[in-house]
Every structure is written in structure tokens, then in C-alpha cells.
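Generate the whole structure from the sequences, applying the supplied hints.
Protein chains in written order, with my numbering: chain W, 1 to 344; chain U, 1001 to 1344; chain G, 2001 to 2344; chain C, 3001 to 3344.
Just so you know, the hints here were simulated from the structure itself, not pulled from any lab data. The reader is advised that the hints may include incorrect statements.
As the list claims (entries may be wrong) - Distance condition first, Cα-Cα at most 25 angstroms in a straight line; then the derived DMTMM-like pairs of lysine to aspartate or glutamate:
(1) G:Lys2004 - G:Glu2318
(2) W:Lys4 - C:Asp3130
(3) C:Lys3308 - W:Asp130
(4) W:Lys46 - W:Glu279
(5) W:Lys4 - U:Glu1025
From a predicted model like this one, the values you see are computed outputs, not experimental measurements.
There are 4 protein chains.
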Amino acid sequence: MAGKLSFASDYMEGAHPQILRRLAETNMLKTAGYGLDEFSASAKEKIRAACGTPDADIFFLVGGTQANAVMIDAILRPWQGVLSAETGHINTHEAGAVEFGGHRILALPHRDGKISADTIRATVRTYQQDENRDHTVMPGMVYISHPTEYGTLYSLAELKEISGVCRENHIPLYLDGARLAYALACPENDVTLRDLGECCDAFYIGGTKCGALFGEAVVIPRHGFIPHLFTIIKQHGALLAKGRIAGIQFDTLFTDGLYFSIGRTAVEAADRLRKALTEKGYSFAFHSPTNQIFIVLDRSAAASLSEKVEMGFWENTEDGRTVLRLATSWATQTEDINALIDVL
Amino acid sequence: MAGKLSFASDYMEGAHPQILRRLAETNMLKTAGYGLDEFSASAKEKIRAACGTPDADIFFLVGGTQANAVMIDAILRPWQGVLSAETGHINTHEAGAVEFGGHRILALPHRDGKISADTIRATVRTYQQDENRDHTVMPGMVYISHPTEYGTLYSLAELKEISGVCRENHIPLYLDGARLAYALACPENDVTLRDLGECCDAFYIGGTKCGALFGEAVVIPRHGFIPHLFTIIKQHGALLAKGRIAGIQFDTLFTDGLYFSIGRTAVEAADRLRKALTEKGYSFAFHSPTNQIFIVLDRSAAASLSEKVEMGFWENTEDGRTVLRLATSWATQTEDINALIDVL
Amino acid sequence: MAGKLSFASDYMEGAHPQILRRLAETNMLKTAGYGLDEFSASAKEKIRAACGTPDADIFFLVGGTQANAVMIDAILRPWQGVLSAETGHINTHEAGAVEFGGHRILALPHRDGKISADTIRATVRTYQQDENRDHTVMPGMVYISHPTEYGTLYSLAELKEISGVCRENHIPLYLDGARLAYALACPENDVTLRDLGECCDAFYIGGTKCGALFGEAVVIPRHGFIPHLFTIIKQHGALLAKGRIAGIQFDTLFTDGLYFSIGRTAVEAADRLRKALTEKGYSFAFHSPTNQIFIVLDRSAAASLSEKVEMGFWENTEDGRTVLRLATSWATQTEDINALIDVL
Amino acid sequence: MAGKLSFASDYMEGAHPQILRRLAETNMLKTAGYGLDEFSASAKEKIRAACGTPDADIFFLVGGTQANAVMIDAILRPWQGVLSAETGHINTHEAGAVEFGGHRILALPHRDGKISADTIRATVRTYQQDENRDHTVMPGMVYISHPTEYGTLYSLAELKEISGVCRENHIPLYLDGARLAYALACPENDVTLRDLGECCDAFYIGGTKCGALFGEAVVIPRHGFIPHLFTIIKQHGALLAKGRIAGIQFDTLFTDGLYFSIGRTAVEAADRLRKALTEKGYSFAFHSPTNQIFIVLDRSAAASLSEKVEMGFWENTEDGRTVLRLATSWATQTEDINALIDVL
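Structure (C-alpha cells):
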């Protein structure tokens, strides 16, 4: 906790101070449970407005794996699986939560963490043309994340193309926005919340990694698209008794545009870092314009840097080098960036 | 929210002010995720000490249904079911979360929300003597709650007897302590945390209904009793990224005995209420000495009282009357009790 | 196998000789797998005709528990459970197969193994009127068996009333016909296959206990009612590679009315037995007019009879006596009945 | 059925005539159900002797997908997945049956349908060295098939190496022997039943594709390795009421060495075919020495051959050609092979 610089992840601090303030102010008010309170109602209205989806069903869940597991289980029918980049969070770091719900992940090849409309189309076509398809798992929805697990971004054109393929084939599109605030704050990003409202059948706006103590706001643009979701959430053990605690946080995040600005610090800090890394001759695993930076080092350099800076270990490459992740966040301090640049 | 008196439940407010203070103080510190932080470590040590279980494995989960679903799934093997009072929360208000995990609830007759050692023994014996038992679901664990869903309490003698039957038959005993603080603050209660540490194979200390924003502390007295529980928790979507938010809350609740005193207000308020109700000739569905009171009214009286006071609807009796629940909590105000007594 | 008389169950022999003959005749013909062969097609046509359901979807499964587990999982959505008599086979002797699929059995009180339309209606209404219903399991289908596990029969009037309640409430009705041939051969029965075709949303015509080596014919009167059932069957490990083996058996059972006559031997033998038992002063647990007879004996009489006759142990009554089951079948021999009557 | 030559699969006929004869001879005998009969007992003794596993637990299941789903679910704990070639039957043609049971398939790269000990070792090591392994699915067992889905064979040396890696890492090895008789009859094969008894923790001896009407014999060399398997089988809907029907078939297959000779016809026919194909200049997708032959044709040749011969479509290659499968079986007739060679 002390001494060492830490860029290990974007969920190392508590919450944006404004959120704590609102929690304190409202603390002793009595409200109904399970998200049926007025704070949650207000947050939902603000999110509907921000997404341009006046009829959207909105639910607040606690975390990303939970949101993914609940929504995938709620969208798929028993004979269907979910298409995902093989690097997708559901396929790598969720301990089999999708399979626990009874479904297969149909992992697709990726480029920098992204899948393409062409890959989806080809996969669906292969299924449709397979004489033995009734013995296989049907592609039943598409999972993408934005930013991806690699910090990369879908362009609006790419998103629209994916959405188009999904709609042609009547396959819902679900987007994991765990780090969505860092996309929204990124100059390279051209995907807005309204675009998500138009292109996706369901998506979640991440809170845990974007300034909240915890919480993800699931948005289902078309009212009633998923029947009995409240009960499904309860059945998954994902219903918050004091739902207002999530509601108040999202109400705060969507007041005065906080959610749109909260990622700026992180992205600007990452930009400074990327520039410094480039100047000092570091190489990157891929171009990631948001708050995650992936650098490739040989083993000894990786070990020596790790002594001074906490980073996320990503993977060992086949040629014997190491990929490390540096993550900034809404809470990153300028002095920490300065210190890190000195260390580099 | 305004105007009407509300005794609908014990999770209508936020958190004990001391908890909010600690969250604010620690807010900008950086810590590891997933409960591997020092606040969680400190909370666990305090809970181990309070329970007299120095080697206990402890995990912080978000809510009661989640804790029950995860723990039951983690304890049972596929061919086993869980014994529970038919009034048990898992059997009534968890939307099939246990069955979602693949297990049957073997519901037992109850008395005032409690099951007896004799009933458990008889059920296990019936299974063992059944020639067709291999075609049936084996009793694999016992679920009890303390206080029960009816606000009643197991005596220490009853708990020990149940624990004895469980151990004779190698069947783990799991206790749902969603409202445990209200038992600990109740003069009639003779079951301590140390008794739970001795008698149970797993139990949870409730936070959500006992002063926290959310959170339940699962205690497994015997280290390693449940292997890979971290991964099982993740797989259930129940792993909190910022685990410290739960850790800080429990660290606060177990500092200076807060958890042992936090229920007193509620129990004293309930006592005043019970006395007033008795004096005014109300009748009770059963004797419940903790923070929940169940009164039986005829339909019109129930309707008229409901206009002035928010209560929990419990059930309609066969003879056409209505059972309503009044719940007090750590946050109940004296003036609200006074006002309620006036209304009665 | 030798010596002792056996009336333990109705699946102790192989198959009706005509079935073995057909299997032998067709043995070396080549056909497509998975039920896509011409024998299965022919059997389906005959069953459609017999049930008056020209558009019915029909699948041949291997056994009763499998048929129940697959169909209940295929019909229910995740938030729903299945209503069943507490004595229903799915609730007593299927080892938790329904829960393995993720669903709760909502067990209802029974009379002689039967549930009533009133009980179903009241249960559905209680759910609908429950303010907390979103935290509970929704009644999603009704399971009944005919004959019941107690050898009793629904009257056509009862069946129609149940069907009516189900349709009013948009709840599918599923009927387990494991021993259907013994109902069809019983003079007291007034429910025909056509009635099942009209009243049920799905049902199965039992083969295993009614003259086949194995096999149950699932009938879904309304084509397409259950989408992707072929894949669901495969996913449950219930798809027979050589589907024709089931097809040939059902084609034989539905040729020249065999299925309608095959139960007669059993019912007539049971009638003789019931008469003899009555004359000798035995008492019955309840009136069962089909091929199962339940007699109540004190322990010593039960033990002594069990030395000479294999019977099914059913249960110990609360007053210390024993209920034993005698089952006849399509294969029961007159001399065995004579010998049994001598022993009584 | 008529006219066209058919080499589409190895389960197009009924059963070996000797099996039908035994079923007919024993038809009217009465036996206990659920595999507790003397025929099943006799079959199990013969299989134990053939495998050199005197204490083995043996169960007869109905089909291959069922056997795989039941055994994988029975062996894995909730946090574990099964390692398999990406071409493994469980990963391609079982409609998500493993995931329905809650588990992930960890698909590995293959060579001609086989995985290597090195790949397994590397996968396990990667898991063990992953700092985030508690967020991932643990390798919990290994699935291989012999012959593979591509008709290829593991050598005894390869099998022993795989078994060695599994034992070092305490990971059970399970082998799918759907077509085992065709391996045992193949001159290139050096893996015996005794080798399987030594190297595997569980395997099944295929009946459905090797001369039975249906049925697979699951062998668990170490008694008690899987507790409560009977109940797990029941729970999966996989318990045959008239278990003897499977028992009699396997008793016949293991009398007078029938199982060891029954594949010879198929392998010899395949050898003639392979020779003729080679002479006529056909190219093979890979070398498969058992009863399955995979030829690569350009689209028009594939279409024209398909008009005269029923074959299994396997896949379209990236260079625009088609892989077709020709399968022989224990029932293949010499005249059909002659006719096919004429057509080629």
C-alpha cells in the first residue's frame, strides 16, 4: 500500500468523493428495497435520457462478472451459446460463470481484443449450413466489450456493422462496458451512449472501475425484451437488498455529466505515459488508446521494473518476453505519473 | 418516503454513520482487489477472535440470497439436497436460487420457523432405511436461520442438539445469520458467536440488515473445509472487485463491539411495541422476541392500519385474517415508536 | 429369479414377443440415425392417428425419468417451477433430476396420488396475489401422471377441469403416461388417447412398463410448441443414435391395436387378485383399479408374506403397519396369479 | 434405404445376430431392474476379466453423449473443466451437454484428432503459474477418444505418456471408446483393454457403434473412485429401468471374444477401400487406420460421388475442397465394398 508506485488496476481506490457525499447525505432516509426507491428511479431516468432510450429497462447489478453471467443466462435459450472474442473477459477471467449457467462460449479469433462483423457472419453461416447443426450449439448472442480487455476501441462503423449482422440474423448484441467511462473520455472514441442505445440489445455501463464503490447499470433499450429479469437477478443471488446504494451512485455519476468527464484524468495520464514510454523506446503489445497500456519487456527488465512499480502481469510471449499492463484511473494522481515517468 | 410511518423492513436506511465515516477516511487509499486488502484482513482477524475460531476461513459476500446460494452449492455434492424449515428463506423468497445451482431443498415441518433435531434425525433415518434411497435425494446439509424468518430464536440447547445430530450423521450445519445482530442484542438469546463457531460448519454474520450498506461475512470455522471457495464465489458472480468496501464495513462493525450493541435499539423498540400491542389487545401470530413482530388482524383492521403505517404483508390465515409484520432496526427512532404507539 | 413368486414391479421381463420379432426382421436394414428413419416415421404417424393430433411433434426417449427431466426443462423458463402432487414420481424417485435442470418442483397435496383443479387454481392465485411474487418461483407447468404412482386414475371430467385451469392461466399441462396402457385397458378409465391429445400440451405414452424393451413416446399435440427440442434432447444425453430401435417398438405397439390390448392381462390379473384379497380380508391403502395393488399389513404379516412373494415395499404407516405393492404386467402368467392366491 | 450405397456411418443397422438371439432366449425371465440383474452381473465380471481390473465399478449407459456427460459431470468438481482436443466429440457434436452440466471444455490443439502429453503438461503448468488462476477454470480431467473422431489411434506409448502426466498432476484420465472395437481389431493398434484398465481412471467400451442395439459400458478401474454414481446416473435420466437389456448385450459381446473380433470385418473392408482409393488417386485428409476414411475432393467431384454413395459430410477446407467420411462397420457386406470400389 505504501512506498511502491501502483498502476496494477483501475479499481484500487474507493469512490469519487461526490458519491460518498451523496451516500452520507441520504443515509438516514427510509426507502423501499430492491431498487424500487426514488434514487434508483431518478438514476434510471437520467441514464435513459443519456442513452436516448426513453423506454429502456434498467437494472443495477453489483459487478461485471455478475452482470455478464446474469444477462447471458437471461438472453440465451438452453440450446444456444454466446459468441465472444477468445480474449473476452467471460472467456478468460470469470471462472466458468457462463458455463455454470449452462451455456457454452463460442470463442472467436480476435484482433487486438476485437471481433469483426465478418467473423460473426461466417460463424453464423457455418452453423446454418452445417447438416449436423442440431447436434451443435447455436450462436444465440454476441458479447463484445468496449473498451476491450486490451484497452482497444470499436469504431462506430465497426459497431454498426456488428449490430447489422446481429439484426439480420436475429441474434442479440450485448456489450460489456466495464470501462465505458474511459472510452467516452478518449478522443479516439466515436461511440456514444446513444449509439449503444441504438446498436445493442443490452449493455452495461460500468461503475466499479469508473468511480463507484461498486455497481454496473444494465440497459435494455427495448422495454420487455427480457421478461422476468427481476426474478432471474434474484435467482442468481444478484439482487441488492438496499438497491438505492447502487441507485444513488449512478444518480451521482449521471448528474452534471460526471460519468462523461470522470475518465478524462485517466486517459490524459495514460497519454502522458504512452508518450514517455515511446520516447524512452518501450514497445507496446498493441495500440490501446484508453486507460490501459500494455508494454512488452524482456524478462529481466520486467522483473526489475516490477520491483518499483506494481503492474498487472498479462502474459509471457512465445519469444520469451513478458507483457505487463499499466492501468490509470479516475483517481490517478499527477505526482504518481511524474514519479513513474522518472522510474522508466 | 415522507409522511407515513414505516416499519416495513429492517433494510430501509443506509449504514451506521461510523461505517460511512470509515469509508470516507479510507477512500483514496490504494489496495489490492478481491478481498486481498488489509482492511479485509483486519476484519477477518476480528471476526475470528469474536467467534473463537482462529483458523476460520472468512469471505465477505454481498447479500443473503447470494451467500446462501453460494454456500449451499459449495457444500453439497450433486446427489445431495439441503434440509430446511419449509419457512426457511431459501425455500420461500429466493426465487429458486438453490435449484438454479442444481440442488433440491428438502423442506421440513417447522414450529414458529424452527426445525428440531428430532425432525432432522427422523428424516436422515428415513433416507438411510429407504431401500430405494439411491433413487432419491440424499440429505447433504442442514440450513437454519437465527433469528428465524419469524423472528424466533433457537436456544443454545436446541442448537447443540441439532449440531449433534448433524455431526453424528456427517452432515454439515449451515446457519443463516441475516439478522444475527438482533439475536445477539436480545435478552432471551443464549447463543453467542462462539457457540456458532463451535456448532456450525459454516454460517454468515449478517451485515445488510444489521447496519451495513450491504455485506455478509461467511465464516467457516474449520480451515479448508470448502476447497476452492474463492473460485466458486467468482463463478457465482459473487466476488466483489473492491472487496475492501465489505472489509471496511465489517472491520467497523467488529471494532469496539459495535456489532454486539447495534441491535439493541431495535430490540428495545420492539419490546416497547410488543408491550403496547399487548396492552391494546392485539394478538400475535407467535412469540418473537427479536426485531420482528407479527400481528394478526381481521381484514378491515389490517387495511385501516396499513393506511397509516407501512408494514410487511405476511400471509392470509385460513380463518380469513391477515398477518402483518412490523420490523424495527438499528436505525429506528424513538419518535417513530411513539407515533406508532399513538396510532395503534 | 427362481422359486419365489414375483410381483415386485411391472418391468421385470423383456418385451412383447411381437416386438422382438420385428427387431429381428428389420435387423440388417440400413437406416438413418437419430430417429430420422422410416420406422420411426411410421410409428409417429400411427401415434398421431391414435391421438387425433395430425400435426403433433413426436420424439422417442429411452425412459420415464429422462422423458420427465427433458420435457420439464424444455417447457419451463428459468424463473418457473413445475406443479406436481407431492407423491409424483418427479418428486419422489428421480434423484433430483428436475433440480439438476435448474427448476423447483412445487409440490401440492394429493388425494390418492391425484391433484385437483382447485388446488392448482388456488396455488396459481396465491402466486398471482403475492406482493413478493417476483422473489418466488412462478408456477410454470403442471405435471400429472395417469395412472398415478398409486395406480389410481383421473376421470375425464377431472382431466378436463385441470386442463381448463391450465389454459385459463396459460400454464402448459404435461402428463406422465409411464403406465398408460394399464389405464387404457381398465374398465374404470374413461380417458382416451384422443382426450390426452386435446387436454395436454405434452404427454408421453409409456413403453418401458407396457411391453417394450425400453422407450417412451413424447407427444406434443401442437407442432412447434417446443422449439429446438431435438437439440435439447441431445444436450440431455437423451438422443438415441439408433433411433429406429425405439421407432420399431412403438410401430409394433401401435399396429393392430396392440397398445390398447397389451394392458388387459395385467388389469384382469389385478382384478382377480383384488377380489381374492378382499375375500381373504386384506385391507387396501386406497382404491387402485389398474395394475398396482397396495395392501396394508402389520409388520409380522408383511414379513412373512415377503418370504414367499417378492413385492414392492411402499412405506411404513404412522400406526406401525406396512404398505406393500403388488404389480401385475402384460407378462403376468395365470399360474403365477393362482399360486399367489394360494399363498394369500 | 434402398438403391444407393451407404457408408454414412457405423450405426445404420440393428445388432449382431447373436445379441438378438440372447435377447429372445431370455425375454420372459423375470429379473430385478436398474442393472441389478444376473445378466448385468455376468457381463460386468467378463468385462472386469477382459480389462484386468477385478475391482472395477461398471455401469451400462445408453449412448455416447450420455456416457460422456454423466462421467464428466461425475468426475469434475464445480471449479474444474475438462481438457479435450478441439475436435473431441464433446466439443463438437454433443450440443453443449457438458456445459449443461455446468462445466467448461478447455479445448486443446490437436494433431489428427489427438492431443499430446506435452500439450496437457503445458496447459496444466500455465494454469498453475497463472497469478490469476483463481479467476479461471482449473483443468480437472482429460478427455481423449480411441479411436479418435478422425479414425486415428493413440499408440500405447502416447497413452502411457498422457496417463503419466495426468497422474503426476492428480488429474483423472477418461477415455471415450465409442468405436473401441475398431481399434482392437486394427493391426496398427497396440492398446489393449488391459492397458486402458491400467492407464485410465474411467473409460467406456462402446456398444452402440460396435454391434449392440445401444449401450456403452463405463469402466472405473478403481472401486469407489466415483461415489454415488448410481444416483448421479439416475439424476441425469440415464438409468435404464430394464438394465438387463444392456447387460445381456454386453454379456454377449464379451462371450467367446465377440467384442475382439466384431470389428475385423469393418477394418478389413476399410483396408480394401483405402487401397482402392489410393490406387485411383484419391487423397486422404489424414492417415486413419480404423473404420473411418476421410477423403478430400473438390466440390464437383464430391457432389457427383454423393449422388451414388451416402457419405458423411465432414467439412469444407479453406482451399475450397470438401472432406467426406466413409465409414464401414461390423455389418458391412463384401458386395457393398465391391460395388463402392466400382463406383470410385
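To see whether the hints hold, each was checked on the structure:
no., hint, in the structure
1, G:Lys2004 - G:Glu2318, "violated (30 angstroms)"
2, W:Lys4 - C:Asp3130, "holds (23 angstroms)"
3, C:Lys3308 - W:Asp130, "holds (21 angstroms)"
4, W:Lys46 - W:Glu279, "violated (42 angstroms)"
5, W:Lys4 - U:Glu1025, "holds (21 angstroms)"
The earlier numbered hints that this structure contradicts are 1 and 4.
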